[in-house]
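Asker: For the protein sequence lines, the chains are A and B, in the order given. Quick note, the first sequence lines up with residues 1 to 114 if you use our numbering. Quick note, the second sequence lines up with residues 1001 to 1113 if you use our numbering.
No lab work stands behind these hints, which were simulated from the structure alone. Please note: incorrect hints may appear among the correct ones.
To give a feel for the contact side, a few chain B residues facing chain A, derived at Cβ under 8 Å [claimed, not checked]:
no. : residue
1   : Phe1010
2   : Leu1045
3   : Gly1063
4   : Tyr1064
5   : Phe1090
6   : Gly1105
7   : Ser1106
Facing chain A, according to a computed beta carbon distance under 7 Å, are these residues of chain B, among others [claimed, not checked]:
no. : residue
8   : Met1019
9   : Tyr1048
10  : Asp1073
11  : Tyr1100
12  : Phe1104
Cβ coordinates follow ideal geometry from the N, Cα and C atoms, glycine included.
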Amino acid sequence: DQQVKQNSPSLSVQEGRISILNCDYTNSMFDYFLWYKKYPAEGPTFLISISSIKDKNEDGRFTVFLNKSAKHLSLHIVPSQPGDSAVYFCAASARTYNTDKLIFGTGTRLQVFP
Amino acid sequence: NAGVTQTPKFQVLKTGQSMTLQCAQDMNHEYMSWYRQDPGMGLRLIHYSVGAGITDQGEVPNGYNVSRSTTEDFPLRLLSAAPSQTSVYFCASSYWGSDYGYTFGSGTRLTVV
């Protein structure tokens, strides 16, 4: 049973426009959420995170929104740049339950074209 | 500061062979874990450790063994390789409760023939 789901395997966006990547989760114990970015032949790198006590967190062009009632989070990238082209993974953990174990989604491949 | 170092980067095994994937970190992180990445499956947790001497199973532990004798090292052992274990393996580490999540290694691409 997939606890973290990314239902869009791919997304194509024009440079300068907004990219919106979505993620849904089923485990109500999850209280910390992260987004990672992955280029080919490299390990994933941390992008942005959000705790369940917040509903929004911003870092430059990246904003993560959390809707706890819907068990849904999204990553907004504004404006999108060609260098943002990568695979994006969302991940979740249940820190309140004393575990830092991260469960990942299946990933969304973002392509930003000129 | 090397971060998380994985060796080897590439490996081809025959079915039934055993091998150890090495992972070392120099950041004094308590938490270490192993993931495998397969097409359409994302990153799946194999085993993890919250400190030296403590390990636990993740989502897909079968066919793999781990130990954590030091804070720095977290090797992953394949006991008897099977074609289903063909994958890219990532090791990761973090401080407990870090707001920046895990630091990942660059991966080991394993092919079992």
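Asker: Tell me, which hint numbers fail for this structure?
Answerer: 1, 3, 4, 8, 10
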